Amino acid sequence: MHLIDYLIQSGWLKTPEIIEAFRKIKREDFLRPFEAFGEGGLPDEMKNMAELNEALPIGFGQTISQPLTVAFMLELLQPEAGEKILDVGAGSGWTSALLAFIVRHKQSNKNIGGGKVIALELVPQLAEFGRRNVAKYNFIEKGFVEFISADGSRGYEKEAPYDKILASAAIYPDNQAKGRGAANLPESWKEQLKTGGRIVCPIESSVWLFVKKSADEFEKKEFPGFVFVPLIQKQ
-10 MHLIDYLIQS
0 GWLKTPEIIE
10 AFRKIKREDF
20 LRPFEAFGEG
30 GLPDEMKNMA
40 ELNEALPIGF
50 GQTISQPLTV
60 AFMLELLQPE
70 AGEKILDVGA
80 GSGWTSALLA
90 FIVRHKQSNK
100 NIGGGKVIAL
110 ELVPQLAEFG
120 RRNVAKYNFI
130 EKGFVEFISA
140 DGSRGYEKEA
150 PYDKILASAA
160 IYPDNQAKGR
170 GAANLPESWK
180 EQLKTGGRIV
190 CPIESSVWLF
200 VKKSADEFEK
210 KEFPGFVFVP
220 LIQKQ
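At position 81 of the sequence shown (counting the first as 1) the number is 70 in this note's numbering, and the numbers step up by one without a gap.
If you're looking for bench data, these hints aren't it; they were derived computationally from the structure. Predicted model, so just to flag it, every value in this text is computed and none were measured. C-beta atoms are modelled at their ideal positions from N, C-alpha and C, and glycine is treated no differently. Do not take every clue at face value.
Derived Cβ-Cβ restraints for the label pairs, each shown as a range [what the hints assert, rightly or not]:
id, residue 1, residue 2, range
1, E208, K15, 31 to 37 Å
2, T4, K209, 18 to 24 Å
3, D205, H(-9), 41 to 47 Å
4, G185, H94, 19 to 25 Å
5, H(-9), E206, 38 to 44 Å
Straight line, CA to CA, 27 Å or less: simulated BS3-like cross-link-like pairs of lysine-lysine [said to hold, decoys possible]:
id, residue 1, residue 2
6, K147, K131
7, K183, K3
8, K73, K183
Hey, can you work out the whole structure from these sequences and the hints?
What follows is the structure, encoded as C-alpha cells:
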C-alpha cells in the first residue's frame, strides 16, 4: 500500500485539498540535494525512502518531517485557498510546497486573490536548498512562495498579518513557562496572526493548536506523543 493511501485509510489524511496536495507534491523532490549523488541524481533506494513514514535527514541537524506528522499538523491548521501562511523552519521546502498548492487558488466567493506562503529558514544553505526544491513546482516564480533565510522565532513583520502559522521545529520553553500553552509562543507569532487565525506548532514533544480569539486570548489544545528537532534561533 502506498504511503498516502495508508495515511488516508488510517484517518490521518481527511481533507480533500490536503490529500490532493500530498498526491501532487512529491516528497522525493525534497530529499537531499540531487548534486550530492552526481549527475545520475538520487539513487533508486533514496527515492524509495520518500515512501517511508519517517523523518529523514537533510543536513545541518535538520530533517524532512515524518509524513504522518505533517498530515496531522496540516489537518489541524486547515489551510484554505487565498490565505497567507507563515511556514517556520521550512527546511527542505516540502511543507511550504504543500501549503502553496492549497492556498494558491483564488477563492471565488471572497474578494481576494491567490494565497501566499512565507517560508522562513534560519540556516542559509537549507534556505537555498528549500528554495530550489519549491522552485521545481514554479511556486517561487509565480509568487506563491517567498523563501527567506531568517530567524523564524521572530516571525516576518513585513508580510503580516497571517491567516495561519505553521512551525515544523519544536519550541523548548524555560522551566517557568512549561505547561502554560500560549505563554510559550513567541510574541511575534501572536502579534502577527490575525484574530480568528490558527497556529500549529510543536512545544517539546507535543503538537499544539492555538486559535486566536482576541488580541490577548488564545484557545489551545495539546496533542502529545511526537518527536521534533528544536527550532533554531539566533543568539
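Consistency of the hints with the structure:
1. E208 <-> K15: 31 to 37 Å: holds, 35 Å
2. T4 <-> K209: 18 to 24 Å: Holds, since T4 and K209 (Cβ atoms, about 22 Å apart) stay within the stated range.
3. D205 <-> H(-9): 41 to 47 Å: holds, 45 Å
4. G185 <-> H94: 19 to 25 Å: Between G185 and H94, where Cβ atoms are some 20 Å apart, the hint holds.
5. H(-9) <-> E206: 38 to 44 Å: Since H(-9) and E206 have Cβ atoms about 42 Å apart, the given range 38 to 44 Å holds.
6. K147 <-> K131: Cα-Cα ~19 Å, so holds.
7. K183 <-> K3: The hint holds at about 25 Å.
8. K73 <-> K183: Measuring from Cα to Cα gives roughly 10 Å; hence the hint holds.
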